[in-house]
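Trainee: Now for the letters of each chain:
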Amino acid sequence: GQNIDQPTEMTATEGAIVQINCTYQTSGFNGLFWYQQHAGEAPTFLSYNVLDGLEEKGRFSSFLSRSKGYSYLLLKELQMKDSASYLCAVRDGDYKLSFGAGTTVTVRA
Amino acid sequence: NAGVTQTPKFQVLKTGQSMTLQCAQDMNHEYMSWYRQDPGMGLRLIHYSVGAGITDQGEVPNGYNVSRSTTEDFPLRLLSAAPSQTSVYFCASSYSGVSGANVLTFGAGSRLTVL
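If you read the sequences in order, they're chains S and L. Quick note on numbering: the first sequence equals residues 1 to 109 in my numbering. Quick note on numbering: the second sequence equals residues 1 to 115 in my numbering.
Derived from the structure by calculation, the hints contain no laboratory data.
Label-pair ranges, simulated between beta-carbon atoms: (1) L:101 / S:80: 22 to 32 Å; (2) S:109 / L:52: 46 to 56 Å; (3) L:67 / S:109: 43 to 53 Å; (4) L:27 / S:57: 13 to 23 Å; (5) S:41 / L:79: 21 to 31 Å; (6) S:109 / L:96: 39 to 49 Å.
Glycine is no exception: its CB is placed at the ideal position from the N, C-alpha and C atoms.
Produce the entire structure from the sequences given, and follow the hints as far as they go.
Mentor: This is the structure:
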């Protein structure tokens, strides 16, 4: 089976940095994804890691350690529009994605 | 490009009724899937398809049927609706293959309430 854990909620101040951790235990591994989901909307793709290390995309970075079954999403220079749920997902074979329950990030002024 | 189109956006059913959620994509994606999203539980895979004529079960398939007669369409059928099927349903598609990101693109979602 799949077990993907991430914190339920996080709160941070506008302009700050927040790190969302994700740990996983899956039957296979073929990539880890982060999605952003605003309330009432569909998830949208943020980042993809398949090899160990850091991937940077503007204000967002994602890190992967396959040996530890661990990833994090780093959000820098937080803006109010970053208030959303952040979903960690693991592809364990050719196609299927298994998702964690999501982390709701609230950005306060 | 329309991307992934789901209909209807909202639906209220009575227990025991049947209905079909429609999903269509215009990106020539081989892989299509249906998820349900419930509070505190994340997205759970119901059924998926890797091409026309091929479907398979995901994590929570009971009470749902799918078919894939064309590359573009992947309807989800509720055979006899139950209150436990009250949820938000997302259709998602991607290219398939073992290499590359093959990012899942989601439809806008269908909110279903079963009374």
